[in-house]
Amino acid sequence: MEFLQTPPDPDAYIVLAVFLFSIGAVGFLVRRNAIVMFMCIELMLNAVNLSLVSFGRALSDLSGQILVFFVLVVAAAEVMVGLAILVAIFRRRARASADDMSSLKG
Amino acid sequence: MSGEWILYIVFGATALVSAIGVVFLANPIHSALSLIGALASVAGLFLAQEAFFLSVVQIIVYTGAVVVLFLFVIMLLGIDSADPREEQLLRRQWFPWAFLGGVIGVGGLVLTITGIDLPFGVSGTDTADAVNEAGGNVQALSERLFTDWLLPFELTSILVVAAIVGGVVLAKRTKDLRGSGMGLTPDLAERISEEVEADAAEGELDPEDAFEADDVDPDPDSDAVLVGETSENGEG
Amino acid sequence: MSKEAAENILELAWIVPLICLVSAGVLTTLGRKLKEPWGGVVGVGAVGVAFLVTVVVFAALLSLPADQRVFEHVLFEWIPAGGFRIEAGFLVDPLSILWMLLVTGVGFVIHVYSLGYIAGDERYTTFFGQMNLFVASMLILVLGNNFLVLFVGWELVGACSYLLIGFWFKKIENSSAGNKAFFANRVGDFGFLVGLMLIFATVGSLDFDTVFGAAYASLGGGAGVPIALGTATAICLLLLVGVTGKSAQVPLYVWLADAMAGPTPVSALIHAATMVTAGVYLISRAHPLFALSEVSRAIVTFVGIGTAFYAATIALGQYRVKRVLAYSTISQLGYMIAAVGIGGAGYAAGVFHVISHGFFKALLFLGAGSLMHAMHGEEDMRRLGGLRKVMPWTAGLFLVGGLSISGIIPFSGFWSKDAILGALYESPESWGKIAWGIGLAAAFLTALYMFRTYFLTFTGDRSWGDEAHPHESPWVMVIPMLVLAVGTTLWGLADLPGSQWLHGFLEPTFGVFGGEAERWTGEVVLLLTAGLLVGVLGVATAYAVWSRATRERRISFGERIPAGAGMFWRKAYDVDAALEYGVRRPGWELTGVLATVDEDAIDRTVMGIGGGAKRAGRQLARLQNGSVRVYASVFLGGVVLIAAYVIVRGGAGL
Chain H
1 MEFLQTPPDP
11 DAYIVLAVFL
21 FSIGAVGFLV
31 RRNAIVMFMC
41 IELMLNAVNL
51 SLVSFGRALS
61 DLSGQILVFF
71 VLVVAAAEVM
81 VGLAILVAIF
91 RRRARASADD
101 MSSLKG
Chain A
107 MSGEWILYIV
117 FGATALVSAI
127 GVVFLANPIH
137 SALSLIGALA
147 SVAGLFLAQE
157 AFFLSVVQII
167 VYTGAVVVLF
177 LFVIMLLGID
187 SADPREEQLL
197 RRQWFPWAFL
207 GGVIGVGGLV
217 LTITGIDLPF
227 GVSGTDTADA
237 VNEAGGNVQA
247 LSERLFTDWL
257 LPFELTSILV
267 VAAIVGGVVL
277 AKRTKDLRGS
287 GMGLTPDLAE
297 RISEEVEADA
307 AEGELDPEDA
317 FEADDVDPDP
327 DSDAVLVGET
337 SENGEG
Chain X
343 MSKEAAENIL
353 ELAWIVPLIC
363 LVSAGVLTTL
373 GRKLKEPWGG
383 VVGVGAVGVA
393 FLVTVVVFAA
403 LLSLPADQRV
413 FEHVLFEWIP
423 AGGFRIEAGF
433 LVDPLSILWM
443 LLVTGVGFVI
453 HVYSLGYIAG
463 DERYTTFFGQ
473 MNLFVASMLI
483 LVLGNNFLVL
493 FVGWELVGAC
503 SYLLIGFWFK
513 KIENSSAGNK
523 AFFANRVGDF
533 GFLVGLMLIF
543 ATVGSLDFDT
553 VFGAAYASLG
563 GGAGVPIALG
573 TATAICLLLL
583 VGVTGKSAQV
593 PLYVWLADAM
603 AGPTPVSALI
613 HAATMVTAGV
623 YLISRAHPLF
633 ALSEVSRAIV
643 TFVGIGTAFY
653 AATIALGQYR
663 VKRVLAYSTI
673 SQLGYMIAAV
683 GIGGAGYAAG
693 VFHVISHGFF
703 KALLFLGAGS
713 LMHAMHGEED
723 MRRLGGLRKV
733 MPWTAGLFLV
743 GGLSISGIIP
753 FSGFWSKDAI
763 LGALYESPES
773 WGKIAWGIGL
783 AAAFLTALYM
793 FRTYFLTFTG
803 DRSWGDEAHP
813 HESPWVMVIP
823 MLVLAVGTTL
833 WGLADLPGSQ
843 WLHGFLEPTF
853 GVFGGEAERW
863 TGEVVLLLTA
873 GLLVGVLGVA
883 TAYAVWSRAT
893 RERRISFGER
903 IPAGAGMFWR
913 KAYDVDAALE
923 YGVRRPGWEL
933 TGVLATVDED
943 AIDRTVMGIG
953 GGAKRAGRQL
963 ARLQNGSVRV
973 YASVFLGGVV
983 LIAAYVIVRG
993 GAGL
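Residue numbers (our numbering), protein chains in the order written: chain H, 1 to 106; chain A, 107 to 342; chain X, 343 to 996.
Careful, some of the hints might be misleading.
[As the list claims (entries may be wrong)] Simulated restraints, written as ranges between beta carbons of each label pair: (1) A/264 to X/939: 50 to 60 Å; (2) A/181 to X/968: 51 to 61 Å; (3) A/199 to X/971: 18 to 28 Å.
Keep in mind the hints are simulated off the structure, nothing from the lab.
Using N, Cα and C, we set each Cβ at its ideal position, and we do this for glycine too.
Isolated chain H (complex conformation) (with noise of 0.2 Å):
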């Protein structure tokens, strides 16, 4: 275990973004309950966060971290509307279920 002697290198967070996004897709992609959908969204928004640290750390660029900060407000805000509009949609269907929500289809 000789790599373990040095700190780990920035690709070892990416490798690990790429799975935690890739969680979040599948997750996206299976699931039918729009609240956890709405967490593996989260989850996807977080793994991006991880590589812009690491990313910004590689390149000794603090803009990595100021981008972060910049999607956690978005990622507020997206919540906050997503929320809002399941709450909206709930109160006529009763159902949380994403495959339901097609009234806009073509």
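Once you have looked at the hints, place chains A and X on chain H.
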């Protein structure tokens, strides 16, 4: 063994396990609690990379606000028990394997095109020494945020206000919505709700659902087994 | 006045059009809400203030030394499009200030007159709004420091003219007269526009400074891109096309006579005193370009002097007072165009005549308006006569205008017309003397038709019916005429041979092209005498033939409808019919063919494309199946594809 490796392994494993939990737990409340674990682990990973400010903000905003909001909505809407159809899906024998295949497929695809060995040739000015000189991570970050990034920072306030207004408007009761300036005339609102109800009625008679209902696979342990399997995979 | 103070005032010259523009905006938007007489008060007040400001600007300009009297000021960058940069600015120099004084001064007088003339009309306020808009547009035209601003003003005055000719649009003749004016002007404006493009293509700018700098350079002085002779000729002739449209020269003169369908103050202000002189302004302004091409100057001169003669012959055959005045306007404009066409002393003479004509033609029109006001719209000379006793003021003032246009000493028309004839005669160009001969003949005809009109209208037997009760017009209409009469009497002093104040004043604009000032020489005296003699001869002939026209004779004019050539002449050489057969009907046929092509070929193609898009859309709509999961999968796939593209294109190094 370097200290950062310890943090990496511990928080990385927790993050992956919790993330899988989010997807696999049938009850949304359990998913949300699992999400706390995932987000907190990411905060730990931020900590490992010396992003102290973000790590704290991650805890406050995500676990403190976002997940609480999730839980709040789940409980408000009363969907705190698992949807039977969803539960059936999650208990299918093939489901964990399909999921694993999906994750490896997507992850592999992303890794292949990005290339694992990333060449970091460019070096910015915010080295560890420069950050220390500025007085630490928070000081350095705030200096950048309030100089170079001031305009985007101010613009986010508009975004947040818009989100608040949107949230309030959307979450208002439908009865109020009809008479208000939402652009829905009473007639139209009536017609929409009728259509929506008709759709809902149709949805319940979906023949696919009926078929799935017969195809129940009683395997209560599948969750636990899966979590164990994949977490090993994540650590390795 | 110190130099700084004067320049500070000059910098504010843009306020003059702005006043009128704001007033026009207020009056047209308020329209019905602003009741009589307040709409008129605002309209007249705005032009009055504009006139006062113009006088102040004029004084400021005068206080500067003569060689500094060209003041250019850029207001803002108008069209910054790569290499094509147009800055909106204004240029105050002796030429433009004279036009400003004419527009606001005569405009003010005619606005006051309109207070009486248009009183009681249901669109009273709108009328003043449109008149103000016209004054503003004309000011923009003369103030612009480049061709494009000038063109904007040029188009705006055309639009105002259209609006005001058709002011009483409920009568079909009025609105079709408006259309006719609009179409004729469109032909001219098209030529003008092509000319502008050619200027830009040649010189790369539309600023007067740059363009004329290039013209000077081609003449061998100063820096700039030289313009080839052929190009210069083409530019000048294209500008001339614009001039023939706006200033009603042959062949685009046909609209002006019909334009008299509008209210008389409109005829006086737009179709006699100001707008139609825009062509003269354009040629005067662009004189360095015309200096380049002798051919184009010869063509301009002969178009002008030919029009002067041709329109005078038509005027002699007309029975309606305003039509006579309309053809007279065309004829007088011909003189001005000829003067600025020949150049040299002709520039100052042309400008002199513009203002002189502004006074006496406005006066004559207002006289005609007063007449029509009294006779309930009757203006056919065969049913007038003897009105001198009923309306002494109108008759007297009309006589002053008539004497002036006929070139009788001491009125300004005498001095300005003879200045033009003198410039033609004394020009170094070989063709000047031919033009002079035609001009002299036209001057005889002018005196003849003008006094034919005067005698048939104001003297002899009364030929109107018993139902008419003519009366003198109200003071609000007479006083403006009086002011104009004083103007036409005194204006001649501005450019008397020997002193020639105007010629000197215009020196900063025309410079070396302006020719020598005229002195009292034997030749000049001889020319003046010849001009006067011709005028007197015309008046005398008219007196002998028409002054004692009895009622029976007048009626016999109507019955004795001349056949053949005579009829042809009375109907203004039947140009309208020729246009009908030569232009309108072929155009109509062509339009029919094009419409078929449009419907069968173009429409079907377009509709086919539209239908195809619709069908494709219907198919594509199936993708919009409402399933979030499908959307998300497609989204993810798209992101992966884009990432792959970026990586591949950017190489492994990102």
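To see whether the hints hold, each was checked on the structure:
Range check, residue 264 of chain A to residue 939 of chain X: about 53 Å between beta-carbon atoms, so the 50 to 60 Å window is met. The supplied range of 51 to 61 Å is broken by residue 181 of chain A and residue 968 of chain X, whose beta-carbon atoms lie about 28 Å from each other. Look at residue 199 of chain A against residue 971 of chain X: about 21 Å separates their beta carbons, and that is inside 18 to 28 Å.
Of the numbered hints given earlier, the model fails hint 2 alone.
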